[in-house]
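The listed protein sequences derive, respectively, from chains S and D. Start counting the first sequence at 1344; every next residue gets the next number (the working numbering). Start counting the second sequence at -12; every next residue gets the next number (the working numbering).
Calculated from the structure, these hints are not laboratory results. We put the beta carbon where it would ideally sit given N, CA and C, even for glycine. Some clues are possibly wrong.
What the hints assert, rightly or not - With beta-carbon atoms standing in for the labels, derived distance ranges: (1) Thr1460(S) - Gly40(D): 47 to 53 Å; (2) Gln1365(S) - Ser54(D): 40 to 46 Å; (3) Tyr57(D) - Arg1439(S): 40 to 46 Å; (4) Ser14(D) - Asp1369(S): 22 to 28 Å.
Claimed, not checked - Derived contacts from chain S toward chain D, CB cut-off under 8 Å, selection only: (5) Ser1376; (6) Gly1383; (7) Met1384; (8) Tyr1391; (9) Ala1395; (10) Leu1422; (11) Leu1449; (12) Phe1451; (13) Asn1453; (14) Gly1454.
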Amino acid sequence: NAGVTQTPKFQVLKTGQSMTLQCAQDMNHEYMSWYRQDPGMGLRLIHYSVGAGITDQGEVPNGYNVSRSTTEDFPLRLLSAAPSQTSVYFCASSYRARASSYNSPLHFGNGTRLTVT
Amino acid sequence: GQSLEQPSEVTAVEGAIVQINCTYQTSGFYGLSWYQQHDGGAPTFLSYNALDGLEETGRFSSFLSRSDSYGYLLLQELQMKDSASYFCAVRPRQAGTALIFGKGTTLSVSS
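Just need the whole structure built from these sequences, with the hints factored in.
This is the structure we're talking about:
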């Protein structure tokens, strides 16, 4: 199994450009999410999905769009990149926990390092 | 809303025991998780507490007290490879399975 695969690993954009960060998982996980990580800020949730066709906003959704047309893929779109979006982006997936006592750990990809100039 | 507070840095020597605390303010959550991240790589799952008390996994243990809004990760017999960032996280009830993370604690282990 490849697990969670993110592409590209590195990307440099100019302000105003658009791009899509790709995320794919081969574990048949229902739940997928995107986080951004900035120095001293930890991992902040951008968007998440509990299944194909269902998405919801996280803590910092502005400037990002997502869609979930298949179980495997969860792309993150930046419509008009801004320097404030310079960050490391992590995609993560898990089974959807069915009960409060059941742990469903997140599996993370290796991240995409994005710089917006 | 939810907020989790952790110390930003902790230092220790090989062989020692270190405790990383996590205090939280949240209206309700399913459980407290801990993740480890080396050098900006992919975070990996360490431990989960659904109920109050201690969970032990090898050299690592995690504790949760809902009445005190407090948890901790205990690392024993520290090794150099334990130098990493450690994040506590909660799964709020209202957000389904979306994990919310603390800002992380950087642990530096020296010889």
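Consistency of the hints with the structure:
1. Thr1460(S) - Gly40(D): 47 to 53 Å: holds (50 Å)
2. Gln1365(S) - Ser54(D): 40 to 46 Å: holds (44 Å)
3. Tyr57(D) - Arg1439(S): 40 to 46 Å: For Tyr57(D) and Arg1439(S) the Cβ distance comes to about 28 Å; the hint is violated.
4. Ser14(D) - Asp1369(S): 22 to 28 Å: Since the Cβ atoms of Ser14(D) and Asp1369(S) sit about 35 Å apart, the hinted range of 22 to 28 Å is violated.
5. Ser1376: holds (6 Å)
6. Gly1383: Result: holds, 6 Å to nearest chain D Cβ.
7. Met1384: Check passed: Cβ of Met1384(S) comes within 6 Å of chain D, closer than 8 Å.
8. Tyr1391: The hint holds - Tyr1391(S) has a Cβ within 8 Å of chain D, the shortest such distance being about 5 Å.
9. Ala1395: violated (15 Å)
10. Leu1422: Nearest chain D Cβ about 22 Å off; hint violated.
11. Leu1449: holds (6 Å)
12. Phe1451: holds (4 Å)
13. Asn1453: holds (5 Å)
14. Gly1454: Because about 7 Å separates Gly1454(S) from the closest Cβ in chain D, which is inside the 8 Å limit, the hint holds.
Violated hints for the displayed structure, listed by number in ascending order: 3, 4, 9, 10.
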